[in-house]
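Colleague: The sequence shown lines up with residues 1 to 293 when you count with the UniProt record's numbering.
Do not take every clue at face value.
List of simulated lysine-lysine pairs, DSS-like, C-alpha gap at most 27 Å [unchecked claim]:
1. Lys74 <-> Lys102
2. Lys132 <-> Lys230
3. Lys192 <-> Lys142
4. Lys102 <-> Lys136
5. Lys80 <-> Lys12
6. Lys136 <-> Lys200
7. Lys132 <-> Lys200
8. Lys12 <-> Lys132
9. Lys150 <-> Lys167
10. Lys52 <-> Lys113
11. Lys113 <-> Lys196
12. Lys149 <-> Lys164
13. Lys200 <-> Lys52
14. Lys62 <-> Lys12
15. Lys102 <-> Lys132
16. Lys58 <-> Lys80
17. Lys196 <-> Lys149
18. Lys230 <-> Lys259
19. Lys62 <-> Lys74
20. Lys192 <-> Lys152
21. Lys12 <-> Lys200
22. Lys12 <-> Lys23
23. Lys196 <-> Lys230
24. Lys200 <-> Lys102
25. Lys12 <-> Lys136
26. Lys196 <-> Lys136
27. Lys136 <-> Lys192
28. Lys192 <-> Lys164
29. Lys102 <-> Lys192
30. Lys62 <-> Lys142
31. Lys200 <-> Lys230
32. Lys149 <-> Lys102
33. Lys132 <-> Lys142
34. Lys142 <-> Lys152
35. Lys196 <-> Lys150
36. Lys102 <-> Lys164
37. Lys113 <-> Lys74
38. Lys167 <-> Lys132
It should be emphasised that the hints constitute simulated quantities derived from the structure, not laboratory data.
In this text, all values refer to a predicted model and were calculated from it rather than measured experimentally.
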Amino acid sequence: MGLDMYLYRMNKSQKSRLDEIDKEFENHNEKWTEFYNNIPTLDNGWEPDESKMTDEQKRLEKESRDEYRTINDKYSEISKEIREAYGDADNEYGYETIYWRKFNALHGYIVEKFANGVDECQDIHLTVDDLKTILKALEDTKRILDGCKKEKNERDEEVFIVPKTTKIPLRPRSGFFFGSMNLDEWFYTDVKTTIKSFRKLIDNFNPENEALKRKECGMQNWKMTLQERKNIRDTIADNLFGVMSDDYVERVADAMLDKVVEDVEACADREWNYDDVRLAVGRVLCDSFGVEH
Numbered sequence: 001m002g003l004d005m006y007l008y009r010m011n012k013s014q015k016s017r018l019d020e021i022d023k024e025f026e027n028h029n030e031k032w033t034e035f036y037n038n039i040p041t042l043d044n045g046w047e048p049d050e051s052k053m054t055d056e057q058k059r060l061e062k063e064s065r066d067e068y069r070t071i072n073d074k075y076s077e078i079s080k081e082i083r084e085a086y087g088d089a090d091n092e093y094g095y096e097t098i099y100w101r102k103f104n105a106l107h108g109y110i111v112e113k114f115a116n117g118v119d120e121c122q123d124i125h126l127t128v129d130d131l132k133t134i135l136k137a138l139e140d141t142k143r144i145l146d147g148c149k150k151e152k153n154e155r156d157e158e159v160f161i162v163p164k165t166t167k168i169p170l171r172p173r174s175g176f177f178f179g180s181m182n183l184d185e186w187f188y189t190d191v192k193t194t195i196k197s198f199r200k201l202i203d204n205f206n207p208e209n210e211a212l213k214r215k216e217c218g219m220q221n222w223k224m225t226l227q228e229r230k231n232i233r234d235t236i237a238d239n240l241f242g243v244m245s246d247d248y249v250e251r252v253a254d255a256m257l258d259k260v261v262e263d264v265e266a267c268a269d270r271e272w273n274y275d276d277v278r279l280a281v282g283r284v285l286c287d288s289f290g291v292e293h
């Protein structure tokens, strides 16, 4: 797992509706977290144990599930609309315009400049003027590097030598899973590629009808409720049916649950979806067999 960032664009009215649904999810979780944390559970520690629940607890648990299903249906509807509006979009956030992996300098710049330094894997909404500000920082960084010579460091890696008195707008940042700290050719390529992508996006963007959202995949600070864990577990099982004997599905789903939940909590938005779980299952399986992902 690494530090991934995505830039999406969508219709402004759709974004407004999606934000309202996100708020409904948030309110639902706040309303029911204490309830799920205080009802009897099975030995796995997360699934409600109906045999030990009172009639009132059973009624409330059903009410919670019905509420969640209603909100999720709204979410599915707007997700479908966004996919159809952007024919090649592959998710509910809209059209994935740009993707970065471990470009920690850009990550740090956006967090400091447009999120008041708050880095909680949150969505950050950007305007076209914001993109122009970022583009200028990228262009200034490239201009500085173009004027610097390159030398090999102690690890025999070729890096740009920037004078200590020169301030680079985008400089590598340290952090968990944040990638290289070198001003090397990889960094230079990320800068050049992003400049090209931003210029194209700005030239073709319609500020009257569209909105931008920068989404990060990094380390999270939220934890799932018991109901969410149950939903995750059911989704894992759904992925496994047809791949292995039904006799093994339930046991494998239970065995994978903790690691899949940990992955989703670390690498998905607060309101995770089916695709987040599917990707997490794949990453967990890759880790189990030593396969790079």
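Colleague: Give a verdict on every hint.
Modeller: Hints, verified against the model:
Distance hint between Lys74 and Lys102 is unfulfilled; the C-alpha atoms sit about 33 Å from each other, more than 27 Å. Under the criterion of a C-alpha separation no larger than 27 Å, the hint pairing Lys132 with Lys230 is inconsistent with the structure, at around 44 Å. Only pairs whose Cα atoms come within 27 Å are accepted, and Lys192 paired with Lys142 is accepted, the gap being roughly 7 Å. Between Lys102 and Lys136, the direct Cα distance comes to roughly 21 Å. Compliance with the 27 Å bound is thereby established for this hinted pair.
At roughly 15 Å between alpha-carbon atoms, Lys80 and Lys12 fall within 27 Å of each other, so this suggested pair holds. Only pairs whose Cα atoms come within 27 Å are accepted, and Lys136 paired with Lys200 is accepted, the gap being roughly 14 Å. In summary, the hint linking Lys132 to Lys200 is supported, as the alpha carbons are separated by about 11 Å, within the 27 Å threshold. Note on Lys12 and Lys132: the hinted pairing holds, with a Cα-Cα distance of about 20 Å set against a maximum of 27 Å.
With a C-alpha separation of about 17 Å, the suggested pair Lys150 and Lys167 falls inside the 27 Å cut-off, and the hint holds. As the CA atoms of Lys52 and Lys113 are separated by approximately 52 Å, the hinted pair breaks the 27 Å bound. Between Lys113 and Lys196 the alpha-carbon distance is near 21 Å, which keeps this suggested pair within the 27 Å criterion. Of the pairs offered as hints, the one joining Lys149 and Lys164 holds, with about 14 Å between alpha carbons and a cut-off of 27 Å not exceeded.
Between the alpha carbons of Lys200 and Lys52 the distance comes to roughly 60 Å, so the proposed pair goes past 27 Å and is violated. For the proposed pair Lys62 and Lys12, the alpha carbon gap of about 35 Å is over 27 Å, so the pair is violated. Taking the CA atoms of Lys102 and Lys132, the gap is near 22 Å; set against the 27 Å cutoff, the hint holds. Only pairs whose Cα atoms come within 27 Å are accepted, and Lys58 paired with Lys80 is rejected, the gap being roughly 33 Å.
Restraint check for Lys196 and Lys149: the C-alpha separation of about 23 Å stays at or below 27 Å, so the hint holds. Restraint check for Lys230 and Lys259: the C-alpha separation of about 14 Å stays at or below 27 Å, so the hint holds. Between the alpha carbons of Lys62 and Lys74 the distance comes to roughly 19 Å, so the proposed pair stays at or under 27 Å and holds. Only pairs whose Cα atoms come within 27 Å are accepted, and Lys192 paired with Lys152 is accepted, the gap being roughly 22 Å.
For the given pair, Lys12 sits about 20 Å from Lys200 by alpha-carbon distance, which is consistent with the 27 Å threshold. Distance hint between Lys12 and Lys23 is fulfilled; the C-alpha atoms sit about 17 Å from each other, no more than 27 Å. Distance restraint check for Lys196 and Lys230: the Cα-Cα separation of roughly 44 Å exceeds the 27 Å cut-off, and the hinted pair is therefore not satisfied. Using a Cα cut-off of 27 Å, the hinted pair Lys200 and Lys102 holds, with the two alpha carbons roughly 22 Å apart.
Only pairs whose Cα atoms come within 27 Å are accepted, and Lys12 paired with Lys136 is accepted, the gap being roughly 25 Å. For the suggested pair Lys196 and Lys136, the alpha carbons sit about 12 Å apart, so the restraint of at most 27 Å is met. Only pairs whose Cα atoms come within 27 Å are accepted, and Lys136 paired with Lys192 is accepted, the gap being roughly 12 Å. With a C-alpha separation of about 23 Å, the suggested pair Lys192 and Lys164 falls inside the 27 Å cut-off, and the hint holds.
For the given pair, Lys102 sits about 15 Å from Lys192 by alpha-carbon distance, which is consistent with the 27 Å threshold. Of the pairs offered as hints, the one joining Lys62 and Lys142 is violated, with about 57 Å between alpha carbons and a cut-off of 27 Å exceeded. For the hint pairing Lys200 with Lys230, the CA-to-CA distance comes to about 43 Å; that exceeds 27 Å, so the pair is violated. Of the pairs offered as hints, the one joining Lys149 and Lys102 holds, with about 24 Å between alpha carbons and a cut-off of 27 Å not exceeded.
For the given pair, Lys132 sits about 15 Å from Lys142 by alpha-carbon distance, which is consistent with the 27 Å threshold. The straight-line distance between the Cα atoms of Lys142 and Lys152 is roughly 19 Å, inside the 27 Å bound, and the hint therefore holds. For the hint pairing Lys196 with Lys150, the CA-to-CA distance comes to about 23 Å; that is within 27 Å, so the pair holds. Taking the CA atoms of Lys102 and Lys164, the gap is about 24 Å. The hint holds against a cut of 27 Å.
With a C-alpha separation of about 33 Å, the suggested pair Lys113 and Lys74 falls outside the 27 Å cut-off, and the hint is violated. Simply put, Lys167 and Lys132 have alpha-carbon atoms about 19 Å apart, close enough for the 27 Å limit, and the pair holds.
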